[in-house]
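Make the full structure from the sequences, and use the hints.
Protein chains: 2
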Amino acid sequence: MDKLQPLEKAVAAHLIDGKFIARQIRDELRADVTELATRGVVPGLGVLLVGNHPASRSYVTAKEKACAEIGMLSREINLPETATPREIVQAVETLNAASDIHGILVQLPLPDSSIEQEVLQTVDPGKDVDGFHPVNVGRMVLGLPAYWPCTPHGILQMLKRSSIPVAGAHVVVIGRSNIVGRPLSILLSMKHVLGNATVTLCHTGSRDIAKLTRQADIVIAAAGRPHTLTADMVRPGAAVIDVGVNRVEDPTRERGYRLIGDADFDDLLPIASAITPVPGGVGPMTIAMLLHNTVQAARRLTNNEAKG
Amino acid sequence: MDKLQPLEKAVAAHLIDGKFIARQIRDELRADVTELATRGVVPGLGVLLVGNHPASRSYVTAKEKACAEIGMLSREINLPETATPREIVQAVETLNAASDIHGILVQLPLPDSSIEQEVLQTVDPGKDVDGFHPVNVGRMVLGLPAYWPCTPHGILQMLKRSSIPVAGAHVVVIGRSNIVGRPLSILLSMKHVLGNATVTLCHTGSRDIAKLTRQADIVIAAAGRPHTLTADMVRPGAAVIDVGVNRVEDPTRERGYRLIGDADFDDLLPIASAITPVPGGVGPMTIAMLLHNTVQAARRLTNNEAKG
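Chains as they are written, first to last, in numbering that gives the first Met the number 0: chain S, 0 to 307; chain Y, 0 to 307.
A few of these clues could be false.
Where chains are identical, the list cannot tell them apart; a pair therefore holds if satisfied intra-copy or between any two copies.
Okay, derived cross-link-like pairs now, DSBU-like style, lysine-lysine, Cα gap no bigger than 35 Å in a straight line [what the hints assert, rightly or not]:
#	residue 1	residue 2
1	Lys64	Lys18
2	Lys210	Lys18
3	Lys64	Lys159
4	Lys190	Lys210
Calculated directly from the structure, the hints in this document are not laboratory data.
Structure follows, in structure tokens:
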């Protein structure tokens with residue numbers, strides 16, 4: 000019991016509260032939505048869900064609920080798991096053509112993951128609020144106006160709003176996925192107010208990752224594998240962002256599992272200057288930035304119409 | 000004089016001969032061009048030059064000469080320096096529409112650099128053999144088939160053909176330009192036969208670059224500034240790739256200047272396991288890969304027509 004007291008203190012000092020920061024962003028967006036309403040515009044998110052996998056279903060529901068809470072419209076197309084590629088593409092085209100839909104989200108994974116690239120490339124780049132279309136990725140890399148992918152952008156916002164210095168910092172990212180590690184490493188090292196860091200990108204082909212992470216001011220674990228980041232891999236005082244969401248069996252829970260990140264949270268808490276929990280860390284930020292991109296899309300469309 | 004002997008030996012052992020490797024690639028491409036000719040296809044490069052700046056003129060001439068040498072077609076549109084943005088865009092559209100032109104090169108910088116992005120985005124992505132169009136950049140980042148930008152691709156080929164191991168190596172890249180450092184850092188860290196390295200990208204916002212370069216197996220200097228990489232910054236036995244081409248005054252030369260790289264070549268030669276000279280290192284590779292992309296474009300178009 001003696002040891003519990005300082006640990007609780009540490010938690011209070013160290014924890015990066017993703018739920019809180021996401022709520023802060025949603026509050027700002029609510030003000031934007033209210034302002035747009037005075038111009039007769041309601042930002043609309045179109046959601047395409049194929050099949051009804053429980054995890055995908057619950058993500059989609061969370062996103063729709065988040066839209067409603069800040070006064071945005073959402074419209075869902077839910078196709079059966081047996082939908083043909085043609086039907087899926089047509090559903091995207093329907094959302095592309097809908098004038099009250101400003102952003103489109105295709106919930107991944109699709110039952111047939113081999114058609115994902117084709118489907119994603121069907122999304123109108125101007126409505127690609129997930130930032131997955133090659134045009135958006137390219138524009139982001141070149142520093143042109145673009146929709147930044149939601150999870151990487153959410154992490155940049157977390158760091159900024161937690162007053163963790165990024166400019167000039169050495170950031171080590173573990174994981175090179177197209178939706179997190181790769182775009183995050185790019186955005187962090189670009190010259191803008193949320194970036195300008197020196198970034199090292201590690202992955203399954205890397206040797207001696209620990210040697211690199213131990214030098215980092217910020218370590219970001221985005222490998223999708225528990226225990227990717229252990230306590231011996233982090234310099235005391237470094238900040239840790241944990242992007243992983245891994246299910247591990249837990250018979251003490253009613254549902255039979257619990258969620259853990261890629262980092263050994265309990266061991267890192269006394270070492271890191273700041274750390275995100277899982278759940279309640281990066282996760283809520285992703286939805287907040289999806290709303291952000293959709294509001295941005297609505298505003299841009301409105302401005303273009305005013306110009307046109 | 001005593002010291003000259005070992006230094007000359009070192010040169011022989013260390014030097015990565017870009018001219019030689021580029022010639023090797025051009026010889027391979029000549030065979031491809033001959034094969035395509037049997038199917039009635041001559042790969043064609045369209046070149047747009049605005050104005051007649053001596054450096055740009057000489058680059059364009061070198062590229063056209065390289066085309067001719069391997070049996071490729073090249074066609075130049077040379078607009079006056081006073082050409083309007085509309086005229087420049089129309090010239091690109093002419094090349095887009097030309098059925099005997101498979102690849103398009105807009106020689107940069109344009110006299111008015113503020114219109115470069117607009118002009119580059121006018122290039123048909125299927126003919127964008129420089130790999131500068133956002134669609135190509137995005138496709139490259141996502142690991143989809145794409146034209147890789149010529150200088151980064153040339154460097155990957157140099158490393159491979161010099162038997163310098165890249166997979167698993169720690170590569171430190173200095174410079175984050177859209178045409179070299181940024182795409183190079185991405186390509187090096189992707190999972191393919193020329194990549195899979197652990198990459199750190201340094202730039203003008205980085206602190207203590209020397210600490211990072213001293214840990215690298217391969218250091219790539221692409222900052223565009225002489226003396227960016229000094230001898231104390233490189234671990235003995237590391238490989239050095241020098242992308243810089245800088246003019247420095249030299250009254251002993253007839254033209255009044257000489258070209259030097261970003262690395263202190265003479266000081267690094269005894270330290271590095273391998274190093275590229277300037278000129279004669281990376282430079283010739285860029286043209287070779289431009290030809291490579293154009294041959295690839297011609298082949299792809301031909302295959303598509305055969306399918307259609």
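Hint check:
1. Lys64 / Lys18: Within one copy, since 15 Å is at most 35 Å while 61 Å is not.
2. Lys210 / Lys18: Result: close within a single copy only, 32 Å intra versus 37 Å inter.
3. Lys64 / Lys159: Only inside one copy: Lys64 and Lys159 sit 26 Å apart there, 52 Å across copies, limit 35 Å.
4. Lys190 / Lys210: both (26 Å within a copy, 21 Å between copies)
Violated hints are absent here; each numbered hint is respected by the structure.
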